[in-house]
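> Sequence:
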Amino acid sequence: MKNIYNHFLLPLSLSLIIFSCNNKEGYKLDMTAENIEVNWIGYKTNEKTAVSGSFSEFSSDRENQSFNSIDDLVDGLNFSISSLSSSSGDPIRDLNLKDYFFKYLTDNFEIEGTLGRPINDSIDVSFNILGQDKTVRFAYSTYLTTSKYSNKIIQIKGKLNLVNQFNGEAFNSIHKQCFDLHKGSDGISKTWEEVDVHIKVLVINETNPKFHQ
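Residue numbering for the sequence shown follows my numbering, beginning at 8 and increasing consecutively.
No lab work stands behind these hints, which were simulated from the structure alone.
Note that CB positions come from ideal geometry on N, CA and C, so glycine has one too.
Each hint should be verified, as a subset may be incorrect.
Here are the computed distance ranges between Cβ atoms for each label pair [stated by the list, open to error]:
no.: 1; residue 1: Gln139; residue 2: Lys190; range: 29 to 35 Å
no.: 2; residue 1: Thr149; residue 2: Gly194; range: 44 to 50 Å
no.: 3; residue 1: Glu70; residue 2: Thr142; range: 32 to 38 Å
no.: 4; residue 1: Met38; residue 2: Asn168; range: 26 to 32 Å
no.: 5; residue 1: Asn85; residue 2: Val170; range: 37 to 43 Å
no.: 6; residue 1: Ser157; residue 2: Glu70; range: 33 to 39 Å
Here are the simulated DSSO-like cross-link-like pairs (lysine-lysine), alpha carbons at most 30 Å apart as the crow flies [what the hints assert, rightly or not]:
no.: 7; residue 1: Lys141; residue 2: Lys51
no.: 8; residue 1: Lys51; residue 2: Lys35
no.: 9; residue 1: Lys51; residue 2: Lys110
no.: 10; residue 1: Lys159; residue 2: Lys55
no.: 11; residue 1: Lys55; residue 2: Lys35
no.: 12; residue 1: Lys110; residue 2: Lys159
no.: 13; residue 1: Lys105; residue 2: Lys183
no.: 14; residue 1: Lys105; residue 2: Lys159
no.: 15; residue 1: Lys159; residue 2: Lys197
no.: 16; residue 1: Lys51; residue 2: Lys190
no.: 17; residue 1: Lys207; residue 2: Lys110
no.: 18; residue 1: Lys141; residue 2: Lys207
no.: 19; residue 1: Lys55; residue 2: Lys110
no.: 20; residue 1: Lys159; residue 2: Lys51
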């Protein structure tokens, strides 16, 4: 019996312990600019002409921290997006957004909020707008990247209503400033209240042995 233990059971037990330790889950955000996208699309005119842009400066309180699961990483994550980093490819539009929209949305040009815990394919995002919390439900998903490290992408997307969910003063300000710019072929000026938001961020899978090579 002792020989069986020494030659079979003991090595098997050690192998299982080593295997379980090597496969302990560990996930970490990669907040470098090339691995995160924060995109928005607004609309103008009755034809609903799309106007798109993106933010390039952001931070979170989960940087350089490892979590046992992606859900644990996301749950309670506090983030900040600099609205001054918004770029639409049109300098005049960007200046109008800064002076007549983002200026009225926050006190310091920082869009701050907190992520909830993912529930199936959705997630609640709480935004702090001038001291008031505004919670919006977004679609949520994760998927594998094409890299050899089995890293994943977190994807959050949905719509924001600039009047009902955010600050109506900011919406009214940008609509007034861009009244003529938002006229369509019918001569009617329209600024749509909804903005589409699409966020992608890379999550490093530290459990993959190739990651450490």
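> It remains to establish, for every hint, whether it holds in the given structure.
To see whether the hints hold, each was checked on the structure:
| no. | hint | result |
| --- | --- | --- |
| 1 | Gln139 / Lys190: 29 to 35 Å | holds, 33 Å |
| 2 | Thr149 / Gly194: 44 to 50 Å | holds, 46 Å |
| 3 | Glu70 / Thr142: 32 to 38 Å | violated, 24 Å |
| 4 | Met38 / Asn168: 26 to 32 Å | holds, 28 Å |
| 5 | Asn85 / Val170: 37 to 43 Å | violated, 26 Å |
| 6 | Ser157 / Glu70: 33 to 39 Å | violated, 21 Å |
| 7 | Lys141 / Lys51 | holds, 24 Å |
| 8 | Lys51 / Lys35 | violated, 38 Å |
| 9 | Lys51 / Lys110 | holds, 20 Å |
| 10 | Lys159 / Lys55 | violated, 34 Å |
| 11 | Lys55 / Lys35 | violated, 39 Å |
| 12 | Lys110 / Lys159 | violated, 35 Å |
| 13 | Lys105 / Lys183 | holds, 14 Å |
| 14 | Lys105 / Lys159 | violated, 33 Å |
| 15 | Lys159 / Lys197 | violated, 39 Å |
| 16 | Lys51 / Lys190 | holds, 8 Å |
| 17 | Lys207 / Lys110 | holds, 26 Å |
| 18 | Lys141 / Lys207 | holds, 21 Å |
| 19 | Lys55 / Lys110 | holds, 25 Å |
| 20 | Lys159 / Lys51 | violated, 35 Å |
Taken one by one, the earlier hints fail for this structure at numbers 3, 5, 6, 8, 10, 11, 12, 14, 15, 20, listed in ascending order.
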